[in-house]
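Residue numbers (our numbering), protein chains in the order written: chain A, 1 to 331; chain B, 1001 to 1325.
The set of hints was computed from the structure by calculation and includes no laboratory data. Every residue, glycine too, gets a C-beta built ideally from N, C-alpha and C. Honestly, I wouldn't trust all of these hints.
Claimed, not checked - Some but not every residue of chain A turned toward chain B, in silico, with C-beta under 8 Å:
| # | residue |
| --- | --- |
| 1 | 57 |
| 2 | 73 |
| 3 | 103 |
| 4 | 104 |
| 5 | 108 |
| 6 | 166 |
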Amino acid sequence: MREITLSQAVNEAIAEEMRRDETVFLMGEDVAEAGTPFKVLSGLVEEFGTGRVIDTPISEPGFVGMAVGAAMTGARPIVDLMFGDFIFLVMDQLCNQAAKQHYMSGGKLRVPMVLRTNMGATRRSAAQHSQSLQALVAHIPGLKVAMPSSAYEAKGLMKTAIRDNNPVVIFEDKLMYQDKAPVPEEEYLIPFGQAHVKRAGSDITLIGTSSMVQVAEKAAAMLAEEGISAEVIDPRTIVPLDEATLIESVKKTSRAIVIDEGHQSYGVTAEIASRLNEKAFYHLDAPVLRMGAMDVPVPFSPALEDLTVPTPEGVVANARQLCAGEMIHAA
Amino acid sequence: MAKAKSNTEEYLRMYAQMVRIRTFEDNANQLYLSAKMPGLTHMYSGEEAVAVGICEALTDDDRITSTHRGHGHCVAKGAEFKEMFCELLGKAEGYCRGKGGSMHIADQSHGNLGANAIVGGSMGIATGSALRAKLQGSDDVTVCFFGDGATAQGLWYEVMNMAALWKLPVIYACENNGYSEYTKTEEIAAGSITARAEAFGIEAHQVDGQDVLAVNELTRKLVERARKGEGPFFIELMTYRYHGHHVGDINREYYRSKAEEKDWRDNRDPIIRFRAHLVSEGIATEADLDALNAEIEKDAAEAVAYALEAAYPDASEVGQHVYAA
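Go ahead and model the full structure; you've got the sequences and the hints to work with.
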């Protein structure tokens, strides 16, 4: 199978859906000729024109709000939010407006829009361009949240998001844009709420989101050399969450580590760990462990920044302890 | 008064719509005062000529976005009393199945995209609706209602900029009722409000919001031009709210005098003024209008009685409509 980058996968997904449905359009800062700073959208304006690939001023609340209005009246906007950190700028439009229209109107209004943005530290971009803020969005009922872990997921989840009748936020890891993975030539979609078991195992379950799937896979390979069999699961969407697949795995392995690049406190890892505790408690041989980013603003210095995110070595150390039956009081 | 519509039927409809709003609000206030309505609400009384003058210039295909003080916009855009009172009382037959309440009534069948409880919160939605119209080659126009208080929100300047850049068919209608909650507008707004729109190259107008014909005449012209791609436009409508910021805002002499309120009610009431005009022009007699008023009062009383007896939504509905299918 051919291999393409995550960036090309996103580009293909959007192009295919824009060809398929003329109500789909793109808007955001420098999405047209510039193709975004990450060049993810390069070439789309040449095919679809400036009427459907719209460069906006640097007015995030304004253009996200406009996407909500366009979606409510019959269009399917894809909004590009250049950095995930800018989500704080658009919280009212996303969480008070987009997320609630369907419910507040008793089901009459719909907001079929996609907000694609990014996450991920270790790019030496410091505290305001490195955050992974998926937990903030996942907290709000009415929003769906997808976290692709490779080019394959990025394409299939994007196509599903564009066809979904709800506001969907997609967090792409900005360090993975050039990572290649096998992606079929023929069309496919990845349904929301369907976790993917990336690697089967019997001793411990490693649940990772986005870039942390790679971390979990590397850790699993290292653990295998020590005779520990780790199962790796990618939830792919954290809202909706495929709880059943996660619980089934943990019932089998009796141990779990949840890894996500958001801050550890009050985060995605806490939510998933809590559900496993509630629903698989009597199958557990060890506490479910959370591994998130350190609870510090992301520092600039490489010497400091690299300390803030989970690593395969860190996962291996924790897994080893859990499997040895050693109580862990703090990660 | 300014002259706009010469058609007797249209004049009488504008009068009836203003009376319907006033009657709706009087009943809503009574429901609050008698503790029959959950929560609280914001009365539109006094501002009727704004909603009616504008909405009578629109079709069902044209969209509006409304505000927390939104009952007037909802009635003016064509909503029915029964579904509105049911919504105010949280009943299943309300426009939003009781999930929205006073501050979130939406009536998509008439193009009302909904009231919004965030001040200025719908400015993006209205402008986005206009962007959709332009992208899809549709000739509908969107009117964004907001108050003078909302002119302090940054969102407005972002979307006005884009609306002007892209010549979107949106009309920003600022209902300046003189008060931003409990504070005089002059204390929260520097300079001129119309000049703010003009700074973006947007044609701005100020109009007497108590004169329904003046509002309607101006809006009809702007709507026609917006349909032809000459938008966006801005209108500042000078008006007054008779009640407090909300129904519970009873003692308000610390921010405005009773004499001021009396002056607006006695000398600038939009319904009294238009009624006098209809009679003096021979369009209707006092008796005709009294009969019309009585009919509207009866409709409202029946709708209130119906809504009070109507069923609440079933408990199973609490988890419905979080996500669209």
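To see whether the hints hold, each was checked on the structure:
For residue 57 of chain A, the suggested interface contact is upheld, since its CB lies about 6 Å from the closest CB of chain B, less than 8 Å. Below 8 Å, beta-carbon pairs count as interface contacts, and residue 73 of chain A has one with chain B at about 5 Å; its hint therefore holds. The beta carbon of residue 103 of chain A comes within 5 Å of a beta carbon in chain B, closer than 8 Å, and the hint placing it at the interface holds. Residue-level restraint check for residue 104 of chain A holds (minimum Cβ-Cβ distance to chain B is 4 Å; threshold 8 Å).
Annotation: residue 108 of chain A was flagged as interfacial toward chain B, and the flag holds, the nearest CB pair being 5 Å apart, inside 8 Å. At a threshold of 8 Å, the smallest CB-CB gap from residue 166 of chain A to chain B is about 5 Å, leaving the interface hint in force.
In summary, the structure agrees with every hint in the numbered list given earlier.
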